[in-house]
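Protein chains: 2
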Amino acid sequence: MTQPTIPTALSVALLGGGTVGSQVARLLTEDADLFAERVGAPLHLTGIAVRSLDRPRQAAVDPALYTTDAEALVEDADIVVELMGGIEPARSLIERALRRGAVVVTGNKALLARHGAQLSALAAEHGGSLDGEAAVAAAIPILRPLRDSLAGDRVHRVMGILNGTTNFILDRMDTDGAAYDEVLAEAQRLGYAEADPTADVQGHDAAAKVAILAGLAFGGSFTIDQVDCTGIAAITAQDSAAAAEAGLVVKLLGIAERQVDGAVLRVHPTLVPREHPLAAVRGAFNAVFVEAENAGELMFYGPGAGGRETASAVLGDVVTAARHRVLGSAMRADRAGATAGPPALPITQASTSEMIVLRVCDAPGVLRDVAAVFAEHDVSIEAMRQGPDASDDAVAEAEGRSSVRLRVITHRAPQAALDAVVADLSAAESVYEVVSVLRVEGK
Amino acid sequence: MTQPTIPTALSVALLGGGTVGSQVARLLTEDADLFAERVGAPLHLTGIAVRSLDRPRQAAVDPALYTTDAEALVEDADIVVELMGGIEPARSLIERALRRGAVVVTGNKALLARHGAQLSALAAEHGGSLDGEAAVAAAIPILRPLRDSLAGDRVHRVMGILNGTTNFILDRMDTDGAAYDEVLAEAQRLGYAEADPTADVQGHDAAAKVAILAGLAFGGSFTIDQVDCTGIAAITAQDSAAAAEAGLVVKLLGIAERQVDGAVLRVHPTLVPREHPLAAVRGAFNAVFVEAENAGELMFYGPGAGGRETASAVLGDVVTAARHRVLGSAMRADRAGATAGPPALPITQASTSEMIVLRVCDAPGVLRDVAAVFAEHDVSIEAMRQGPDASDDAVAEAEGRSSVRLRVITHRAPQAALDAVVADLSAAESVYEVVSVLRVEGK
Ligand SMILES: NC(=O)c1ccc[n+]([C@@H]2O[C@H](COP(=O)([O-])OP(=O)(O)OC[C@H]3O[C@@H](n4cnc5c(N)ncnc54)[C@H](OP(=O)(O)O)[C@@H]3O)[C@@H](O)[C@H]2O)c1
Ligand SMILES: NC(=O)c1ccc[n+]([C@@H]2O[C@H](COP(=O)([O-])OP(=O)(O)OC[C@H]3O[C@@H](n4cnc5c(N)ncnc54)[C@H](OP(=O)(O)O)[C@@H]3O)[C@@H](O)[C@H]2O)c1
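Chains A and B supply the protein sequences, listed in that same order. Heads up: the first sequence begins at 1 in UniProt numbering, then just goes up one per residue. Heads up: the second sequence begins at 1 in UniProt numbering, then just goes up one per residue.
I should point out that these hints are in silico values taken from the structure, not numbers from a laboratory. Don't take every hint at face value.
[What the hints assert, rightly or not] What follows is a list of derived Cβ distance ranges for each label pair: (1) A/Gly18 <-> B/Pro7: 43 to 51 angstroms; (2) A/Glu186 <-> B/Ala178: 39 to 47 angstroms; (3) A/Pro343 <-> B/Pro7: 38 to 46 angstroms; (4) B/Ser380 <-> A/Glu30: 54 to 62 angstroms; (5) B/Ala372 <-> A/Glu186: 39 to 47 angstroms; (6) B/Arg55 <-> A/Met384: 57 to 65 angstroms.
[Stated by the list, open to error] Only some residues are given here: those of chain B computed to face chain A with a beta carbon under 7 angstroms: (7) Leu315; (8) Val319; (9) Leu438.
Positions of the beta carbon are idealized from the N, C-alpha and C atoms, including for glycine.
Just chain A, same shape as in the assembly (with noise of 0.2 angstroms):
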């Protein structure tokens, strides 16, 4: 097998340092060792495109990167990673790089749910890659899970909570029983909606991604305009307590349905079961509820917003495409990397929390005992209760003394420490039977 020819280093153009841009730049900065030893080659940032030379930017990130002229950044990068949002100048400044056969990943819903198809094509053609998994709930792996996880199944139908700005509105609306307009300016206020709401409420930016998530999941090509909408201004306080009366939650949500002869793609208040995954979705989050024919039901949940978040998405998107630059086909890009990579370590090293169930002395100074064990292991008590039950009356008539059931939940610590709190409690004259010992996570 002849080896391809890697190369030295990937040239990485960044159109846009605002809210998703800026952590872009900042982790192909501050980690780059992690990205050329993912890739297989360095990536190095030539050039950050912007509107305005003369605002604050990321402390982390060389200033002479700025740069005003777009174009020229784009002219010879082998990845050009657009974040400027809008419709042009990104469109063509993405065909130009496509043109070249680079590597493009953005952001860009509304470019993608007008374009997409064209510029997909666009790259094909030249050999080049268009990704987008940003462009849709953020951080949260949908389009690629689509495209190739479910490359072998039919998909009946997407359904999403796919803006956070009207699932947090709705949510409290829901939960407060508050009035639309009262809520909306809480979002404003708390930086969860925009000053101007508009594309967020009337449903455009979920439409967006409905016909981006389409054209994944049934193949083809889908637009913005061609997906019924309708916002959630309309939605009363009286809607939400009607839908609550009958065990419903209202929802906007974007649904993508095959149908046998083609696809309806809709964006509008939704009323979901309060026992259905997507009702539990809450605030700013977002969720995609998958129905495939042999997979079944699957949800993919996380922030669908967010500088970091989003950053997170686009890089995925990088370091896989560049991977693929670097290995060629020859040998699988996705193994790349698979030998390095941390030790195994044993238990006694994690750090956890745990619930802690006792019998003890029903005696003063017993509890006072107890929490000493646990201070000299510097393990902190988030909780103590205590509490008699019918099982300890019947030991203890038996035993012919009196004790009391004490619950201990610790905060996080070393297990090692956790261990020796529990070896010690075995052995106190107080602890007449350690109950039950049960690792806490999630909190």
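With chain A fixed as given, assemble chain B with the ligands onto it according to the hints.
Same frame as chain A, now just chain B with the ligands:
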């Protein structure tokens, strides 16, 4: 750019024709056209290796395909799909295929958790590939997202409900307060637990998956022997009750956690706060929770077992790897078929259900009249509820007529029919007002 030669067909050797293998064989047979289109070349199933030719087999599959000579089958296949399970002969057969540079797809967690790293290296060395999405959480896309989508991030922790049998048992203990033995027996009766449930209840099945997940999340290679493992056999109804008292629920979690100097891998019954997304995973479902530096908290949810569900994951791997084979690296394989696909349809062609709230005349016969409108358009009613509310009283007083509120939830029906119902209701004399119309999904 020179076009790579596109193979006329790719041969597929299937090792194993059991629960999963039989579904893969059926789908490759029944959906041959779909696969040919998605891959860019037909997938030709050349044979199915089994232990015995005497068992009844899938009706949809040509009986002449079954063979007991797995070695011959593997000899010249482009793609080898291993669904036999166990270490040998699976390992030797896969090695043989990889040495020829073949595409290999497996669902064998036992094998990957012991020899995954070595087999991956063999694949890379000979220009072949090895994928095993089905080995962890069946149809849930998790290995590919960890490897590709999170390739630009640092994963701190992966935490999952990775075994449906134990989740079913713990869920029942939590819900019904039943004892472990009792629920295990029920699970066996219902087919959720095997006659010999050891691998499941002792956590070995989950441990194998943790080892595989850790390798993809952190890089490097981990084996099942490095996973500290405690099963659920010691969990009592009392533990479950004590957890509930503290707002927690018992789940068997598989956890892989990055530390500064290594990674800790563990499987054990774990207390999870009721409001954590993992706490809501019921019955035999699986879910994987991922915490990454920038992406934040992600969750992947779906069925963790089943012949068809697992076959979906296997075929996703097959199609993706086969696309790479067909198109090579010159053209990004994942764009194959990007232009074929269904047309967009107007929303009137959607099928949905609606909650319709009406203010109607408070008189006998009105319910019958309203119901007649639905019947006329063939829309059937799931629930109808009548009741006054404060706002109605005010309106009624102002209007000098007495009204009641009517809430109707329909079954699924064509959108056009639902629209016609609403139009007729608006025009009906006994209907004073159509207060709200909202679609319902997820029932
Ligand atoms: N923010 C999120 O949470 C999120 C999530 C998912 C996807 N996205 C998508 O990611 C993209 C970027 O979003 P963002 O929130 O980072 O936007 P942003 O904060 O508004 O940043 C836009 C950046 O692009 C630059 N820019 C805009 N027009 C330009 C032009 N004509 N020439 C040169 N530079 C130009 C701006 O320069 P100045 O700094 O000089 O103004 C700014 O640095 C959008 O497509 C968005 O939809 C964002
Ligand atoms: N079932 C699930 O839900 C699920 C989910 C995820 C992953 N998996 C994995 O997928 C794999 C297959 O599982 P399964 O449930 O389909 O197993 P299964 O029903 O037991 O089927 C195994 C198949 O392999 C054949 N086989 C076994 N040993 C063989 C040998 N030495 N030579 C030739 N053929 C042999 C058997 O032949 P006979 O038919 O003649 O016995 C049978 O057709 C396992 O690695 C499992 O861990 C299964």
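Against the structure, test the hints numbered earlier, and report the numbers of the ones violated in rising order.
-> Failing hints: none at all.
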